[in-house]
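Colleague: These are the residues of each chain, in order.
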Amino acid sequence: MDCWSCGAERDAKRFCPTCTKIQPVCERDSLFDALGLKAEMAQPKLAVESAFREVSKTVHPDLFGHASSVERKLALRATEQVNFAYRTLKDVRTRAEYLMKLRGVEVGAQDSRTKDPAFLMEMMDLQEQVEDTQDDDALEDLQTQVQARYDGLLEALTRFFDAATGTQDDAVHALDELRYLRRLLERLDDKLEELD
Amino acid sequence: MGLLQIGGGPKEKCAGRVAGIDLGTTYSLVAQVQDGAPQVIRDAEGRATLPSVVRYSPDGEVSVGYAARAGAEAHSGATIGSAKRFMGRSQAEAQAADELTPYLFAKGSDEQVVYFQVCEGKQVTPMEVSAEVLRVLKARAEEALGGALDGVVITVPAYFDDAQRQATKDAARIAGLTVLRLLNEPTSAALAYGLDKSEDGLFAVFDMGGGTFDISILKLDGGVFQVLTTGGDSRLGGDDFDRAVAEHFLKEQGKVPEECPPEVAVRALAEARRAKEALTEAESTSLQIEGQDYLLSRAQFAELIAPTLKRARGPVRRVLKDIGIDPSELDGVVLVGGSTRVPAVKDFVAKLFKQEPRGDIDPDQVVALGAAVQADLLGGNGPRGDVLLLDVLPLSLGIETMGGVVEKLLHRNQTIPAKARQEFTTYADGQTGMDFHVVQGERELVADCRSLARFKLSGIPPMGAGMGRVEVTLSVDADGILDVSAEETTTGVVASVQVKPSYGLDDETVEKMLLDSFKYAETDVEQRAMAEAKVEAKRIINALEAAMKDDQGMLEPAERQTLDKAKASLQEAMAGARHQLITERTTKLDELSAEFAVRRMNRNISEALEGITADKIDGVNA
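The listed protein sequences derive, respectively, from chains L and H.
Numbering-wise (the working numbering), the first sequence opens with residue 1 and increments by one.
Numbering-wise (the working numbering), the second sequence opens with residue 197 and increments by one.
None of these hints come from the bench; they were simulated from the model.
Errors might be hidden in some of the hints.
Distance condition first, Cα-Cα at most 20 Å in a straight line; then the derived SDA-like pairs of lysine to any residue [what the hints assert, rightly or not]:
id	chain 1	residue 1	chain 2	residue 2
1	H	Lys517	L	Lys73
2	H	Lys604	L	Gly108
3	H	Lys415	L	Glu54
4	H	Lys517	L	Arg183
5	L	Lys73	H	Glu459
6	L	Lys90	H	Asn609
7	H	Lys547	L	Ala148
8	H	Lys615	L	Arg28
9	H	Lys604	L	Lys73
10	H	Lys615	L	Thr88
11	H	Lys517	L	Lys57
12	H	Lys517	L	Arg182
13	L	Lys45	H	Arg608
14	H	Lys517	L	Ser30
15	L	Lys90	H	Thr669
16	L	Lys191	H	Pro511
17	L	Lys57	H	Asp582
18	L	Lys191	H	Arg507
19	L	Lys45	H	Ile519
20	L	Lys73	H	Lys318
21	L	Lys45	H	Gly418
22	H	Lys415	L	Arg183
23	H	Lys615	L	Ser30
24	L	Lys90	H	Ile677
25	L	Lys73	H	Ile519
26	H	Lys604	L	Arg182
27	H	Lys415	L	Phe84
28	H	Lys415	L	Arg87
29	L	Lys90	H	Lys604
30	L	Lys57	H	Glu638
31	H	Lys604	L	Asp176
32	H	Lys318	H	Asp518
33	H	Lys415	L	Pro44
34	L	Lys90	H	Arg608
35	L	Lys57	H	Glu459
36	H	Lys517	L	Arg28
37	L	Lys90	H	Leu424
38	L	Lys73	H	Leu483
39	H	Lys517	L	Glu106
Note that this is a predicted model, so its numbers are computed, not measured.
Modelling step: build the complete structure from the supplied sequences, incorporating the hints.
Modeller: Here it is as structure tokens:
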């Protein structure tokens, strides 16, 4: 790969090692690559946040105010990608969905959604339970339960992606379930707020 | 120029002339970075603030600021304050709030834009009113900086939506300003505050001005100012306190506030504002509403504004929930905006955040100071590398799908600049066009969000249903402003897109407003020449004074007298209105002092040979 500006070999780096000019975003790079992180579920505490800040310090368009229009445009593209990577990877659930996407399965797409009737019934029951409960304490109990289930699924997904434990089908199902549970948790939050 | 050249080469950096502008609801300010520190630029009377008030006289004269406000009560309909509240709003929205109002609205030619009837046959939009304020600040900055501005950073409430941001940019264009960046007010305040204190941690900025309320939480970490979450209400501020007080006393007189004529409203609101400001220091104050005297205590005032203030609670709770922290985990709460001077507001913040808020930087100036710093980073001295602002989108952006439901593509609190794509498929055989509706807001239903733009993608080649695929891209730049594009992807045919913004002055209208203000163009040129002449004159005088102070002994009394006389006549010219005369007398003074300069230079050379460094000499003259 050659630098657009000086023509020297640049080895897929974000900045040309010869002339230091910013390079185009590499389409093959994953969002983990964009932040310089390993493609794993488990990330040290605040690793995503600090990686995001460090990379931003090198590519943010504000730093290219006096550069050429090509460089400004490249900085904007790089920053859009870095911002998207940050948004996707900082939340553990969306991070898991992205890891699954790297394996070729898009969670939430029409054809991948679960059609298991027993599961869908269970989710509807839970939703009704939330709607019907008006008591503060009962809602908080429900919140604790749902949160525990949510966290359990994430732990299972971490074992699947990082330690190859379990099947991909189960992992896809877990991701589907997390989408329902997240909406449920948001609704619980709103209801508790209303009662407050 | 003789005196300036003594002892050293040119040390001017080639930086652009830039400034930061806080375009507020009630007050506006302009600031610049000087010697590395931001400073507010004051007017000739030494005042930092400019009331955001514009008066249109029937004879066509326009006055801005204190002069306009002073006459407000005598000429109500023609005096416009708080135009910011109407930026980017439609007529329906402006009139929906059934309240005491000092304005006369007009129908105008576009329902999406508010028009004020200012005199017979003359209507102005909020953007034109704001442009008048900007023009005054522009002139003030250009005089201080000694030349035309290359660009400005203008601050906006973080909670401003796309239409309000667009409107602000339009106002700047009408005023002939180049906008380097629209910067969110709380972020700007944090920048000024953080740089001043050089303290890392998690900070909340509680920003309540005349008309808008913002709450942001930022992480300050080694020069990176990262906004984690932001919320607010773009129609909540000190104006509402004034209104609560005015309405209370009008009701006591048996009047219906929303039916009061504008002149009554103007008087009552002005009186309420005076009382509010007095109660910052005093325990009680008197006020006169429609000929009757009342006494208002601080406690009673707090009670009157409590329902308004309570509206800030929701947004505060939401931002805390967004990042999942308890207020006690914050390293500080910073107060910004004039309304935070109200003791009841301070108490409210302390209770809500479970800690005493900080207000050690002037809450009126801190936003403008931050804007000056950002302007300097973007267009002045260039990036410093050690300071970076990472801001977020305040409200989600999405596209209407089947059944009036919003599909969110970009989410609130997402770091900007950001871009998202979404694919839509054709639903009918042979379909050649597709309609899109872009909205902004958090609600699920389109009807509850704000409509930003509608557009039609046409020219799709006829195919079976579901075969045509259209990719829509929404991107938000660092100003928080949206750009939309669409493309048919299956066949690779790029079809045309027409985006019709729901709000917006189209380019033609802005051009026309610019033309309307052409009469200003000439005064602008005059003002600029005046500013440049004055700066040059000041430079020569300062250098001469410094030199005379240091080397009194080098001048014969007669020489000294000649120089003093030339200086006095230049100063006299500077007080006048003719820039040609200033330039003439500057040249004269410069010529007269040339001999003195040569003498000093010769002396300096001999001193330098004896080991006195050029730096010291440079320091004396600079």
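Colleague: Decide if the proposed pair is consistent with the structure: Lys73(L) and Ile519(H), CA atoms, cutoff 20 Å inclusive.
Modeller: Measuring from Cα to Cα gives roughly 32 Å; hence the hint is violated.
Colleague: Does the structure keep Lys615(H) and Ser30(L) at a Cα separation of 20 Å or less?
Modeller: Roughly 16 Å between the alpha carbons, so the hint for Lys615(H) and Ser30(L) holds.
Colleague: What's the verdict on Lys73(L) and Leu483(H), does the C-alpha distance respect the 20 Å limit or exceed it?
Modeller: This hinted pair is violated, its Cα atoms lying about 58 Å apart.
Colleague: With the threshold set at 20 Å, check whether the alpha-carbon distance from Lys415(H) to Pro44(L) stays at or below it.
Modeller: Holds. Lys415(H) to Pro44(L) sits at ~19 Å (cutoff 20 Å).
Colleague: Checking one constraint from the list: CA of Lys615(H) to CA of Arg28(L), max 20 Å. Satisfied?
Modeller: Holds. Lys615(H) to Arg28(L) sits at ~18 Å (cutoff 20 Å).
Colleague: Does Ile677(H) lie within 20 Å of Lys90(L) when you go C-alpha to C-alpha?
Modeller: violated, 25 Å
Colleague: Are the Cα positions of Lys615(H) and Thr88(L) separated by 20 Å at most?
Modeller: holds, 13 Å
Colleague: Between Lys90(L) and Leu424(H), is the straight-line Cα distance small enough, at 20 Å or below?
Modeller: holds, 12 Å
Colleague: Holds or violated: Lys604(H) with Lys73(L), Cα cutoff 20 Å?
Modeller: violated, 26 Å
Colleague: Check the hint pairing Lys517(H) with Glu106(L) against an upper bound of 20 Å on the C-alpha distance.
Modeller: violated, 29 Å
Colleague: Checking one constraint from the list: CA of Lys415(H) to CA of Glu54(L), max 20 Å. Satisfied?
Modeller: Holds. Lys415(H) to Glu54(L) sits at ~14 Å (cutoff 20 Å).
Colleague: Holds or violated: Lys318(H) and Asp518(H), Cα atoms, limit 20 Å.
Modeller: It is violated: about 47 Å lies between the C-alpha atoms, which goes past 20 Å.
Hint check: violations occur at hints 1, 5, 7, 9, 11, 13, 14, 15, 20, 22, 24, 25, 30, 32, 35, 36, 38, 39; the rest are consistent with the structure.
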